[in-house]
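A.B. asks: Sequence:
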Amino acid sequence: MTVMGRRSGGRARRLPGSFAVVALMSGRTVYRLSHNYENISTIVSNASTPSEPSFQAIEVASALTLAIGIVQLTIAVLGLDFLTTYFSEQIVAGFTTGAAVHVFVTQLKDITGIYGTPRRDGLGNAMLRVFDIAVEIYRANLITLLVSTVAMTALYIGKKLINPRVVARTPVPIPFELLA
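Position one of the sequence shown corresponds to residue 1 (full-length UniProt numbering), numbered consecutively onward.
If you are wondering where the hints come from, they were derived from the structure by calculation, not from laboratory data.
Do not take every clue at face value.
Computed beta-carbon distance windows for the label pairs [stated by the list, open to error]:
1) Leu161 / Thr29: 24 to 30 Å
2) Lys160 / Gln107: 31 to 37 Å
3) Thr96 / Thr74: 23 to 29 Å
4) Asp121 / Leu161: 18 to 24 Å
5) Thr117 / Val71: 32 to 38 Å
6) Ile70 / Gly27: 27 to 33 Å
7) Ile174 / Glu59: 21 to 27 Å
8) Thr170 / Leu64: 39 to 45 Å
9) Leu146 / Glu177: 18 to 24 Å
10) Phe19 / Ser62: 15 to 21 Å
No residue lacks a Cβ here, since even glycine has one placed at the ideal position from N, Cα and C.
Please put together the full structure from these sequences, using the hints given.
C.D. replies: Written as structure tokens, this is what we have:
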């Protein structure tokens, strides 16, 4: 939707970076509402008396995508984008920082190669995830950690040091996000 928003004349100041946040929120919703197959014996024994409706992950994701699309189209048709002008820069910066921290903490297990930590939801889940990773840091996959560090360093150097020089000469920056 970010790309579509930019191509249709959306304000670029509010659009970038929303994909990771939407993916994080959608993933949590799908996990919370979809049927959990971890304990198959409980499912088999309670097959005749279902206590709550169960949905497959694809059903939840499809319904969520449709609902979000309808809401976004309604907002676009009604021209409600003017409401974003009432958001102060401090609110936008605070939300962006909080979202970036949550996305980073969610990716920590992939950066370090530590899998098998408990899934955390609810209040303070970011701090609990960081604690879980810190406790299990001895299990970190050093190759995964090295590749992640090199990729993040290359991305930072490319965006902060190389791209400003390239943009001074040409109007098109190098897409280091695709290379890293």
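A.B. asks: Hint by hint, say whether it matches the structure.
C.D. replies: For each hint, the structure was consulted:
no.	hint	result
1	Leu161 / Thr29: 24 to 30 Å	violated, 39 Å
2	Lys160 / Gln107: 31 to 37 Å	violated, 20 Å
3	Thr96 / Thr74: 23 to 29 Å	holds, 25 Å
4	Asp121 / Leu161: 18 to 24 Å	violated, 39 Å
5	Thr117 / Val71: 32 to 38 Å	holds, 33 Å
6	Ile70 / Gly27: 27 to 33 Å	violated, 20 Å
7	Ile174 / Glu59: 21 to 27 Å	violated, 41 Å
8	Thr170 / Leu64: 39 to 45 Å	holds, 40 Å
9	Leu146 / Glu177: 18 to 24 Å	holds, 20 Å
10	Phe19 / Ser62: 15 to 21 Å	holds, 18 Å
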